[in-house]
Amino acid sequence: RSIHVILELFKCLDIHRELQLNDVQFFAFMSCSTDLTKSQIYKVFDMLDVDCSGTLDFDEFYLLVCILIAVQDKDEKHFIYRHSRTVFDLLDEDASGNISCYEFEKFGFLFNLQGEAMRTIFSEFDVSGDH
2 RSIHVILELF
12 KCLDIHRELQ
22 LNDVQFFAFM
32 SCSTDLTKSQ
42 IYKVFDMLDV
52 DCSGTLDFDE
62 FYLLVCILIA
72 VQDKDEKHFI
82 YRHSRTVFDL
92 LDEDASGNIS
102 CYEFEKFGFL
112 FNLQGEAMRT
122 IFSEFDVSGD
132 H
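Heads up, the numbering used here is the position in the sequence shown plus 1, with the first residue counted as 1.
A hint or two may mislead.
Said to hold, decoys possible - Distance condition first, Cα-Cα at most 25 Å in a straight line; then the derived BS3-like pairs of lysine-lysine: (1) 44 / 78; (2) 39 / 75; (3) 12 / 44; (4) 75 / 44; (5) 75 / 107; (6) 44 / 107; (7) 107 / 78; (8) 12 / 39; (9) 107 / 39.
Since the hints were derived computationally from the structure, they do not count as laboratory data.
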């Protein structure tokens, strides 16, 4: 049921009926739905645009909405744990197979993580121990 609600939201945002959202549509949604800065919104867009198409399809949008719901419910850590592979792939900006502290800090704002909380979670998930 909830996926249908998110799909309807996606269709409302998709004013061109192309089954995708461009950066302008995405910015409009995010600026109304979050308190992220313009720079942060475009960082999120680029991160979610995994196929580098310049648009987000429904799967990418659905993932974003799931993240936003986890943040709203203050369930970020549990979300990261449950979806660790997906989160890892998103945060691994250079596709190196590792997430650097820099990459984690660069996108930690999306999960409402800052400062010491970010470093604590990074340490918990840092299996290599090399930071």
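Run the distance test for residue 107 versus residue 78: straight-line Cα separation, threshold 25 Å. Roughly 17 Å between the alpha carbons, so the hint for residue 107 and residue 78 holds.
Keeping to a limit of 25 Å between CA atoms, is the pair of residue 44 and residue 78 held or broken? holds (21 Å)
Pair hint residue 12 and residue 39, alpha-carbon separation not exceeding 25 Å: The given pair, whose Cα atoms are some 23 Å apart, holds under the 25 Å limit.
Given the hint that residue 44 pairs with residue 107, test it: the Cα-Cα distance must not exceed 25 Å. Given pair residue 44, residue 107 holds - Cα atoms ~9 Å apart, limit 25 Å.
Straight-line Cα separation of residue 75 and residue 44 no greater than 25 Å? Roughly 22 Å separates the two Cα atoms, so the pair holds.
Are the Cα atoms of residue 12 and residue 44 separated by 25 Å or less? Holds, because 23 Å separates the two Cα atoms, which is no more than 25 Å.
Does residue 75 sit within 25 Å of residue 39, going by the straight-line distance between their CA atoms? Given that 25 Å is the threshold and the Cα spacing comes to 23 Å, the pair holds.
Holds or violated: are the alpha carbons of residue 107 and residue 39 at most 25 Å from each other? Distance of about 15 Å is within 25 Å: holds.
Check whether the Cα positions of residue 75 and residue 107 lie no farther apart than 25 Å. OK: residue 75 and residue 107 at ~20 Å, within 25 Å.
Every hint, counting from the list given before, is met by this structure.
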